[in-house]
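Asks: Put together the whole structure using the sequences plus the hints.
Going down the list, the sequences are from chains A and B. Here the first sequence is numbered in our numbering, starting from 212 and rising by one per residue. Here the second sequence is numbered in our numbering, starting from 4 and rising by one per residue.
Please note that the accuracy of each hint is not assured.
In silico PhoX-like pairs for lysine-lysine, Cα to Cα no more than 20 angstroms straight-line [as the list claims (entries may be wrong)]:
#1 A:Lys322 / A:Lys276
#2 A:Lys562 / A:Lys289
#3 A:Lys486 / A:Lys562
#4 B:Lys30 / A:Lys291
#5 B:Lys30 / A:Lys562
To be clear about the criterion: a stretch of chain B counts as covered by chain A if any three or more of its residues have a C-beta under 8 angstroms from a C-beta of chain A, and this derived list gives those stretches [stated by the list, open to error]:
#6 42-50
#7 54-63
No lab work stands behind these hints, which were simulated from the structure alone. For every residue, glycine included, the Cβ atom is placed at its ideal position computed from N, Cα and C.
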Amino acid sequence: MVVTDRPVLTARRRRRITPLGTLGRGLSFAIGFALVLLTAPAEAAILPEDRSDVMYHGYEGGGLKVDGPSVLVRKAYKDKFSFWGNYYVDMISSASIDVITTASPYTEERKEFSLGVDYLHGKTNMGASYTNSEESDYSANAARFSINHDFFGDLTNVGITYARGWNEVRRNGDDLFLEEAKTQSYRLDLSQIVTKNFILNMNYEGVTDEGFLNNPYRQIRYLDPSAARGYSFELENYPRTRTSSALALRGMYFLPYRASVKGEVRTYSDTWGIKGWNAELGYVHPITDKLIVEASYRYYTQNKADFYEDLFPYSQSQNYMARDKELSTYFNHTIGAGVSYEFNMGWGFLKRGEVSLLVDYMMFDYKDFRDLRVTDVPPGQEPMYSLQATVVRAFISFFY
Amino acid sequence: MKTTMFKLLAIALLAGALGGCGSTELKPWISPYERNNLADPIMSFNRAPVSGAYMHHVHQAREGARGAEGGGGGGCGCN
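Replies: In structure tokens form, the structure reads like this:
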């Protein structure tokens, strides 16, 4: 299983291939746009509830372990403003399939700070936030502005969000390498109360990227008869622009015995040729007033990017080349379960608290990404790769 | 060009929604006092913001798709 014909890269330079997949890509989107989740009010035309959350998060699977804390504090001021801050850390230890086949295992840490404010004026809620994320070879900044308004007897809520991200990409061990990537996002949210037990939610989001969009360490492989195993590696090269659109429809229904069921479908396409969709079903069931259990299932699938190949025919065989498994053809199933328990506090300003534990099990099956740990077969005949991962969220929330 | 198209689409959808809401023929069919069930915390699309944001981070880092994640909306829609 020992691979001897590796490209000449120092251990430091090749240590950083794939952690959170395309780290720059994934993280810049995460901080830029998952912020919507932290900032958008859960209820229309009211400020989010004052709360603090302390969460431990953990992901482990496919040789990758990522865990750390996330802390959110939110407090209203004069019933008009709600200020919030979030501190988030990823501690990464990676010996993933990419790392062990083309690089060296490594550890890494990423720290992220976010600050934001929501302002309520009548039936209009406006929000603004800023996020900074730092790691040894990637700096990401994002700003977000949103506005939403209640209409039609408060049965309809319409919101728009604009987010802008500007990121700096570096390469450890190469002081001369410095690239930029910019991201913009336009989002439209429409929420509609349909009946006294049923609510619908539609979201559209367009995202544009410009700049250095690939991972500076990841490599593609190509057929090389002169190599002992029949193939060699060289660095990826992606287009410098990308535009995507995603449309989601969600519904939630209140069941007669006090439980809720949630459904979601989402479609996605982009200018790199990726088309994907996902569907999710969730169920929340209060056992008592204090104890709530929940379960969910999610399916996701996509086809590969136009310039993705598991094995290219020769070196520099095309302008753009990728071998990032997140750009390949694959599907995954996720099953999740959780429990939360609410308790009264009455300690000073603290009204109540809640402890929660949620566990998800993810199963990825790749259709054109091969497992290069298998070396006793001709190039391109290796078995397809698959991985299973466990995701844990354990958190305590305080409301005041 | 694409960016401009997205902006136009967003504006068109918003205008359509606003126009529809301004109709005098269609009236809200659910009164505020009928929204108890919708106001129940179990009816929130984003009951735990930190937890929800993290799961979207997990998906975004491992999937090609991005955007239109859940989070907004839900709840009773009342002041």
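Asks: Count the residues of the segment 42-50 of chain B with a beta-carbon closer than 8 angstroms to any beta-carbon of chain A: does the count reach three?
Replies: Coverage by chain A holds here, the residue count being 8 at a Cβ distance below 8 angstroms.
Asks: Measure nothing beyond the straight line between the CA atoms of Lys30 of chain B and Lys562 of chain A; if it is 20 angstroms or shorter, mark the hint as holding.
Replies: Violated. Lys30 of chain B to Lys562 of chain A sits at ~38 angstroms, over the 20 angstroms cutoff.
Asks: Quickly compare the C-alpha distance for Lys322 of chain A and Lys276 of chain A to 20 angstroms and report which way the hint goes.
Replies: holds, 16 angstroms
Asks: Taking only the CA atoms, is the gap from Lys30 of chain B to Lys291 of chain A under or equal to 20 angstroms?
Replies: violated, 29 angstroms
Asks: Taking only the CA atoms, is the gap from Lys562 of chain A to Lys289 of chain A under or equal to 20 angstroms?
Replies: With Cα atoms ~19 angstroms apart, Lys562 of chain A and Lys289 of chain A stay inside 20 angstroms; holds.
Asks: Given that the segment 54-63 of chain B was listed as covered by chain A, double-check it with a C-beta distance under 8 angstroms for 3 or more residues.
Replies: With 10 residues close enough to chain A, the hint holds.
Asks: Within a Cα-Cα threshold of 20 angstroms, do Lys486 of chain A and Lys562 of chain A meet the stated pairing?
Replies: Violated: Lys486 of chain A and Lys562 of chain A sit about 46 angstroms apart, past 20 angstroms.
Consistency note: the structure conflicts with the earlier hints numbered 3, 4 and 5.
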